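A.B. asks: Turn these sequences into a full structure, and let the hints guide you.
Residue-level listing of the chains:
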Amino acid sequence: MNKKDIIICRCEDVSLEDLHNCLEEGYTTFEDIKRILRIGMGPCQGNTCGLLAQREIAKYLKLPLSQVKVHKVRPLITGVKLKAIVENNKNES
Amino acid sequence: MRELDLVIIGGGPAGLSAAKIAAESGLNSLIIERDYKVGGQLVKQTHMFFGSEKQYAKTRGIDIAKILVNDVLAYPDKVEIMTETTVVGLYKDNVLTLLQKEKYIKIKAKAIIIATGASEKFLAFENNDLPGIYGAGAVQTLMNVHGVLPSEEVVMVGSGNIGLIVSYQLIQAGVKVKAVLEAAPTIGGYKVHASKLKRLGVDILTSTSVKRAEGKDTLEKIIIAKLDKNWDYIPGTEEEIIVDALCISVGLSPLTSLLSMVEADMKFVNYLGGLVPVINHQHETSIKNIFVAGDVCGVEEASSAIVEGYFSGLIVAERLGYKHPNHEELYQDFEAQLENLRSGPFGEKTRLGLKELRGENNAE
Chain U
18 MNKKDIIICR CEDVSLEDLH NCLEEGYTTF EDIKRILRIG MGPCQGNTCG
68 LLAQREIAKY LKLPLSQVKV HKVRPLITGV KLKAIVENNK NES
Chain F
2 MRELDLVIIG GGPAGLSAAK IAAESGLNSL IIERDYKVGG QLVKQTHMFF
52 GSEKQYAKTR GIDIAKILVN DVLAYPDKVE IMTETTVVGL YKDNVLTLLQ
102 KEKYIKIKAK AIIIATGASE KFLAFENNDL PGIYGAGAVQ TLMNVHGVLP
152 SEEVVMVGSG NIGLIVSYQL IQAGVKVKAV LEAAPTIGGY KVHASKLKRL
202 GVDILTSTSV KRAEGKDTLE KIIIAKLDKN WDYIPGTEEE IIVDALCISV
252 GLSPLTSLLS MVEADMKFVN YLGGLVPVIN HQHETSIKNI FVAGDVCGVE
302 EASSAIVEGY FSGLIVAERL GYKHPNHEEL YQDFEAQLEN LRSGPFGEKT
352 RLGLKELRGE NNAE
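Chains as they are written, first to last, in this note's numbering: chain U, 18 to 110; chain F, 2 to 365.
It cannot be assumed that every hint is accurate.
Calculated lysine to any residue pairs in the SDA-like style (CA-CA distance at most 25 Å, straight line) [as the list claims (entries may be wrong)]:
1) U/79 - F/229
2) F/67 - F/148
3) F/55 - F/350
4) U/76 - F/350
5) U/89 - F/264
6) F/102 - U/99
7) F/268 - F/221
8) F/179 - F/111
9) U/20 - F/344
Think of the hints as simulated: they come from the structure by calculation, not from any bench. Just so we're clear, the structure is a prediction, and the values are computed from it rather than from any experiment.
C.D. replies: Printed below as a string of structure tokens:
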């Protein structure tokens, strides 16, 4: 099995090998891994990779899936141009 | 900032049904839909539904969508619909930020019904990013909404109802379905769907999954293998299938991103598809005046989403002072309908899942 070719996060191009290396280094929470590998920070915001990453963390820590916390989603959910936010603020004030 | 009574996020079966009952009660609502039209996943479901007549059994999904849309269009003064609009932020003071094409908009609502549905689960295997590997729902959209064939041949991974139905629709569209793979030892979906495929000569291979995809620029072939009781591949059972598309249909997970933003209480319940909001009997989350309906609070069929939509619309209308003239009667009716939909062997997962969510059993 070539772990380099198993893609966990398509948005940020993170492979199973990257994820396993990260776990080996001691980063075992979704939030840590998100900050290091950007898993869950791309266009899908973790909808595709979330469960796959969660499963790998659970396997590594030998925990049931239900005990592995996923990341907290923050606004904004998709890319928004700063211009659009500025325009909105102008209209409000 | 515009202030509204009820904002419904998602214009699928749950969202539309909620708006209908709210309108009947006299409550105004705004439906926000990311797609260019409302109807949700029903707009691509060309097959007839099961269930009882109250949820339009024996009607095709696409026709149910039309009925539900017409139901809300009958209240042009009560229901406003914004399409091609994504809710990009939800905040604890019930402020929502929207992106309508390039325009950023802030609104505030007295109550919110989140009816965002679910998204397709994916699988980790070698070369799983090769072009030609699709979600089954994506293929259904390509074929039935846009009239585009995904490939000449296909292998389906997953024998739940979506996998079986999409396989059948692929055959109807002229695509050769070379096999349906199922990791579990038994077929997941209804026997009637599986039998249709078997009659057409499609093999449904149980305890089997995809191990590797291969191809230079796009998918050319897959390697499948048998699985043991622990879901591990059995060495020496590998087989090669030449195919230019692979469809993944291994379940759905609730789209709870907005609930995560407002830090609503959530619980991982496998039977319901994954992480789901903890709700009270009235479908209200741990955040006051934020309600949920449909797959976002547990993956089921469109029929359940419709009834949950009606139910939450009824509850919210009453909360905001617009009690439906037949409130008590409808409340009981919707509850009974949901119970009925969840009875029988195929409702077992939902029954167990809801028990687990409410802390009534100690499963897993």
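A.B. asks: Among the hints numbered above, which are violated by the structure, and what are their numbers in rising order?
C.D. replies: 7, 8, 9
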